[in-house]
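Engineer: Listed here are the chains, written in short residue letters.
Protein chains: 2
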Amino acid sequence: MTEVAAARRSRITPEREAELYEAVLDLLREVGYDALTMDAVAARTRSSKATLYRQWGGKAELVAKAVRHNKPGGSLLGLDTGSLRGDLHALTLRSDDCEMEQNSALMRGLAMAIHGNPDLLKAFREHLIEPEMAEFRRILQRAIDRGEVRADNPATEFMVHMMVGAFAARTLIDEQPPTQRFLLSYIDAVVLPAFGVTG
Amino acid sequence: MTEVAAARRSRITPEREAELYEAVLDLLREVGYDALTMDAVAARTRSSKATLYRQWGGKAELVAKAVRHNKPGGSLLGLDTGSLRGDLHALTLRSDDCEMEQNSALMRGLAMAIHGNPDLLKAFREHLIEPEMAEFRRILQRAIDRGEVRADNPATEFMVHMMVGAFAARTLIDEQPPTQRFLLSYIDAVVLPAFGVTG
Numbered sequence: 449m450t451e452v453a454a455a456r457r458s459r460i461t462p463e464r465e466a467e468l469y470e471a472v473l474d475l476l477r478e479v480g481y482d483a484l485t486m487d488a489v490a491a492r493t494r495s496s497k498a499t500l501y502r503q504w505g506g507k508a509e510l511v512a513k514a515v516r517h518n519k520p521g522g523s524l525l526g527l528d529t530g531s532l533r534g535d536l537h538a539l540t541l542r543s544d545d546c547e548m549e550q551n552s553a554l555m556r557g558l559a560m561a562i563h564g565n566p567d568l569l570k571a572f573r574e575h576l577i578e579p580e581m582a583e584f585r586r587i588l589q590r591a592i593d594r595g596e597v598r599a600d601n602p603a604t605e606f607m608v609h610m611m612v613g614a615f616a617a618r619t620l621i622d623e624q625p626p627t628q629r630f631l632l633s634y635i636d637a638v639v640l641p642a643f644g645v646t647g
Numbered sequence: 449m450t451e452v453a454a455a456r457r458s459r460i461t462p463e464r465e466a467e468l469y470e471a472v473l474d475l476l477r478e479v480g481y482d483a484l485t486m487d488a489v490a491a492r493t494r495s496s497k498a499t500l501y502r503q504w505g506g507k508a509e510l511v512a513k514a515v516r517h518n519k520p521g522g523s524l525l526g527l528d529t530g531s532l533r534g535d536l537h538a539l540t541l542r543s544d545d546c547e548m549e550q551n552s553a554l555m556r557g558l559a560m561a562i563h564g565n566p567d568l569l570k571a572f573r574e575h576l577i578e579p580e581m582a583e584f585r586r587i588l589q590r591a592i593d594r595g596e597v598r599a600d601n602p603a604t605e606f607m608v609h610m611m612v613g614a615f616a617a618r619t620l621i622d623e624q625p626p627t628q629r630f631l632l633s634y635i636d637a638v639v640l641p642a643f644g645v646t647g
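Chains A and B, in that order, are what the protein sequence lines are.
Per my numbering, residue 449 is the first one in the first sequence, and the count goes up by one each step.
Per my numbering, residue 449 is the first one in the second sequence, and the count goes up by one each step.
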């Protein structure tokens, strides 16, 4: 096999990639992170372990990318409603309550797994937390550019803390998955006032 | 042994109770919740398992009460500085950074254990979350009574979500235990503006 053929063979179509991520999420829901093996992923997707390792490096990266792929609407790059409230509400409305509940169950399981797996924490930071924070920063920067939020507002460094808090506390205190209704109220009652945005 | 003698024998002095809770927390830090046994607590504290069960009902309750006992300053009932900002800052300043770091490590471990132990969740809600929420409600109610916060402010139902968010996100995003400095900034930048309190 020539090098060109080898390179071609290692390329994966977007459809195939999506199929693979779906299989990884199914397995995650079935057995959890710790019991999930690359062997099981290979068997379920009829791929070779060598391909999986070449393409994703390892289990932690594969799982983090599968979770990111599963996020509705992909990137927030295209979202621009013209107001901070509009952008944050649009963000919330991309996932319906059923998706949010499924996602919340998956994330709770993974949050537990992160505790004992530094690799998974690293992959999560790189592929999920950092991109999410960057998107929040873009939304905030636009609000600052529009003059809606003051550039020196001290809440700007706590945007993600506020939102993560809503999800974590909803699960822990209310023992319920976050709903659209809950999140929209929280954004209006906490996040916007912290940024000095009213109505 | 008469019934009176039995009742007397089952009573535990506050000093002995504190000693017991300390031993439980030590064991928790050493082996974690799942591996902690009532046998080990009995052996470490030279008490009988029967006494432990009679006094605390079970492992989950014993652990929740030990954690509550460990909280600095006990109740917030006595705290009243005359302003919402003062009360929330005083609350934060009761634990120094070292205590907060130790507490945060312990709580992270227990949050993981809660996932698989409904008993522990129940005991936590009863002995830790509910009393904490009641204390926040009292602080808020005083602010409302003083006219500092409007009674219909929608943030009042999210007080605990905001604070839990600060702790959870600090650990997850910043990979650092919450410090006094971080919490004081968060209170000033997020919590007070959400309640319409400035300066």
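Be aware that one or more of the hints could be misleading.
Treat identical chains as interchangeable: a pair holds within one or across any two.
Said to hold, decoys possible - Below 25 Å or equal to it, Euclidean Cα-Cα: the simulated SDA-like pairs (lysine to any residue) are:
| id | residue 1 | residue 2 |
| --- | --- | --- |
| 1 | Lys570 | Arg556 |
| 2 | Lys497 | Arg585 |
| 3 | Lys507 | Ala599 |
| 4 | Lys570 | Leu632 |
| 5 | Lys507 | Thr646 |
| 6 | Lys507 | Gly534 |
| 7 | Lys570 | Asp622 |
| 8 | Lys570 | Leu484 |
| 9 | Lys570 | Thr646 |
Bear in mind the hints are in silico, worked out from the structure with no lab data behind them.
Engineer: As a check of your reading, is Lys497 near Arg585 (CA-CA no more than 25 Å) within one copy, between copies, both or neither?
Structural biologist: This pair counts as neither: shortest intra-copy Cα distance 38 Å, inter-copy 55 Å.
Engineer: Have a look at Lys570 and Asp622 and pick one of within, between, both or neither, based on CA distance no larger than 25 Å.
Structural biologist: Classified as between; 12 Å across copies, 29 Å inside a copy.
Engineer: Is the C-alpha distance from Lys570 to Arg556 at most 25 Å within one copy, between copies, in both cases, or in neither?
Structural biologist: For Lys570 and Arg556, the Cα distance is within 25 Å both inside one copy (17 Å) and across copies (18 Å).
Engineer: Treating 25 Å as the Cα threshold, decide for Lys507 and Ala599: within, between, both or neither.
Structural biologist: neither (40 Å within a copy, 50 Å between copies)
Engineer: Have a look at Lys570 and Thr646 and pick one of within, between, both or neither, based on CA distance no larger than 25 Å.
Structural biologist: neither (37 Å within a copy, 38 Å between copies)
Engineer: At most 25 Å between CA atoms: does that hold for Lys570 and Leu632 within a copy, between copies, both, or neither?
Structural biologist: neither (30 Å within a copy, 28 Å between copies)
Engineer: If the cut is 25 Å between Cα atoms, do Lys570 and Leu484 qualify within a copy, between copies, both or neither?
Structural biologist: Intra 18 Å, inter 30 Å, cutoff 25 Å: intra-copy only.
Engineer: Taking 25 Å as the upper bound on the Cα-Cα distance, should Lys507 and Thr646 be classified as within, between, both, or neither?
Structural biologist: neither (45 Å within a copy, 48 Å between copies)
Engineer: What label fits Lys507 with Gly534 when the C-alpha limit is 25 Å: within, between, both, or neither?
Structural biologist: For Lys507 and Gly534, neither the intra-copy (37 Å) nor the inter-copy (48 Å) Cα distance is at most 25 Å.
Of the numbered hints listed earlier, those contradicted by the structure are 2, 3, 4, 5, 6, 9.
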